[in-house]
Amino acid sequence: MFMTFALITLLGALGMLLQKNIIVAGLFMVATFFGVAGLFLLLANPVAAALQIIVYSGAIMVLVLFVIMMLNSHEEEKAETSRPVQRWVSVALVLALAFGAVKLVLSSAGVKALDLRGAAMPQAMTLQKVGTTLFADHLLGFEVAGLLLLAAMIGAVALTKRNL
Amino acid sequence: MTGMDAILPTLNGGLQGYLVVALLLFAIGLAAVLLRRTLLMQFMGVELMLNAANVALLAFARFRGGDAQAMVFYLFIIAVAACEAAVGLALVIGLYRHRDTTDSDRAASLKQ
Numbered sequence: 001m002f003m004t005f006a007l008i009t010l011l012g013a014l015g016m017l018l019q020k021n022i023i024v025a026g027l028f029m030v031a032t033f034f035g036v037a038g039l040f041l042l043l044a045n046p047v048a049a050a051l052q053i054i055v056y057s058g059a060i061m062v063l064v065l066f067v068i069m070m071l072n073s074h075e076e077e078k079a080e081t082s083r084p085v086q087r088w089v090s091v092a093l094v095l096a097l098a099f100g101a102v103k104l105v106l107s108s109a110g111v112k113a114l115d116l117r118g119a120a121m122p123q124a125m126t127l128q129k130v131g132t133t134l135f136a137d138h139l140l141g142f143e144v145a146g147l148l149l150l151a152a153m154i155g156a157v158a159l160t161k162r163n164l
Numbered sequence: 001m002t003g004m005d006a007i008l009p010t011l012n013g014g015l016q017g018y019l020v021v022a023l024l025l026f027a028i029g030l031a032a033v034l035l036r037r038t039l040l041m042q043f044m045g046v047e048l049m050l051n052a053a054n055v056a057l058l059a060f061a062r063f064r065g066g067d068a069q070a071m072v073f074y075l076f077i078i079a080v081a082a083c084e085a086a087v088g089l090a091l092v093i094g095l096y097r098h099r100d101t102t103d104s105d106r107a108a109s110l111k112q
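Residue numbers (the numbering used here), protein chains in the order written: chain Z, 1 to 164; chain D, 1 to 112.
Just chain D, same shape as in the assembly (with noise of 0.2 Å):
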């Protein structure tokens, strides 16, 4: 199959449709890691990486009927984001305060 009739299942809302949203997302929250380089920026890609995670995941749960194993998953993936963006943002504070700059280029060596 090609063409036409490989996309047209993602239109209607198939699981399909959710895991080429969850893969887009993920491709972007990539790339902003990969070519921005704002510390904050990356973090939110970060983030969107973590929700494109959470997108599949979930999908995966409701075209299995429903399983609520993946929402424990869910709520274990959200409180690690949580710590992750509470220390990250912690970190980013610190070396603006040291380096006066939050552009990771910048911050290449641990030394002052």
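Isolated chain Z (complex conformation) (with noise of 0.2 Å):
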């Protein structure tokens, strides 16, 4: 189960990295994000799954599937200078970095014991869990983030709207 779902997240970045159609790729992204949600599922976590499907599957990859259309410009544009150099060095960056960090966690003695310790206490997480730590210990963070997304739908607004 943990192969498919981590199979279907990675493939589905790796064909909207190689994508050249930006709708094409936007429809890789929501596979993508469908494979997170499997993830989380077997992370006995159905609530994060849910929230993610709802969230990016659901309400942002739409509308970035939306904004692309309504642009117009389906294809990527001929590049103005190419810049080999730049590209190979951020090839070369990636590469080494997704490397060493794939060694690092590999050989980390203190991942493998906790991987081992964790495995021993199978805890799902539940709504009721999530709303008792969120709104005992974290309702300023709660209403803050309220606040925000009442900031940046104005921001949004103000910043699309020809004449206010």
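The set of hints was computed from the structure by calculation and includes no laboratory data.
A quick note: this is a predicted structure, and the numbers were derived from the prediction, not measured.
The C-beta atom is built at its ideal place from N, Cα and C for all residues, glycine as well.
Don't take each hint at face value.
What the hints assert, rightly or not - Simulated restraints on C-beta separations:
id	chain 1	residue 1	chain 2	residue 2	range
1	Z	Lys-161	D	Gln-69	51 to 57 Å
2	Z	Asp-137	D	Arg-97	40 to 46 Å
3	D	His-98	Z	Thr-126	44 to 50 Å
4	Z	Ala-96	D	Ser-104	19 to 25 Å
5	D	Gly-65	Z	Glu-77	19 to 25 Å
6	D	Gly-65	Z	Glu-75	47 to 53 Å
Reconstruct the complex from the two isolated chains, following the hints.
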């Protein structure tokens, strides 16, 4: 099960990276987000899986695809100046970062110990537990998050409307 | 430990497996930001990197016995990501109106 969802996630992300057509890349992103939701389910966290599907696959990607279709620029534009050096440096940087970090995780004794200890205590995340923690310990943060969403909404309207 | 010994624990869904998936997801998102020129593709790369951070966070939470604090952070990350999506896409639309492009190389200066 884990391999299935991991492959959906990573192949979707890779397809997004390599795809020329932006709409198809957006659809690959939807697949990736569903794969991540599956990983959250396997982590005994159905709340996060549901939120992932509702917010990312549902809201954010619909918004992105909507903007892609509205802007009518479905293909990547021709480069003004080709920058081969920068591109190869970026590729080398990303590969070095990925290999180094993966090697570090696989050889870390602390992660291995946490893995063994954690496997023995399978506790599902319930909505009740999340709600209690959220509203008992983080009430102010919750309200600020609501304010931030309102500010972002007003900002987005102000930026896109031609004449207010 | 080398070779298969190192790779095997990632295949069966242990903590290492989730962390490796999160790291590779982050690397792909970073590659999308660095290599693609379309702003919308770079935006999707940023979303991928945020998701990779979420996968790592919730994997650690699960292997620490279902820590609910992580879910609170996850909720805040999602709220900030939604704000970022709304404002970022509004900026892309504004750029397209003024310059008729969504290429980040063509938007290198603030002047018209």
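Comparing the hints with the structure gives:
no. : hint                             : in the structure
1   : Z:Lys-161 - D:Gln-69: 51 to 57 Å : violated, 39 Å
2   : Z:Asp-137 - D:Arg-97: 40 to 46 Å : holds, 44 Å
3   : D:His-98 - Z:Thr-126: 44 to 50 Å : holds, 49 Å
4   : Z:Ala-96 - D:Ser-104: 19 to 25 Å : holds, 24 Å
5   : D:Gly-65 - Z:Glu-77: 19 to 25 Å  : violated, 50 Å
6   : D:Gly-65 - Z:Glu-75: 47 to 53 Å  : holds, 49 Å
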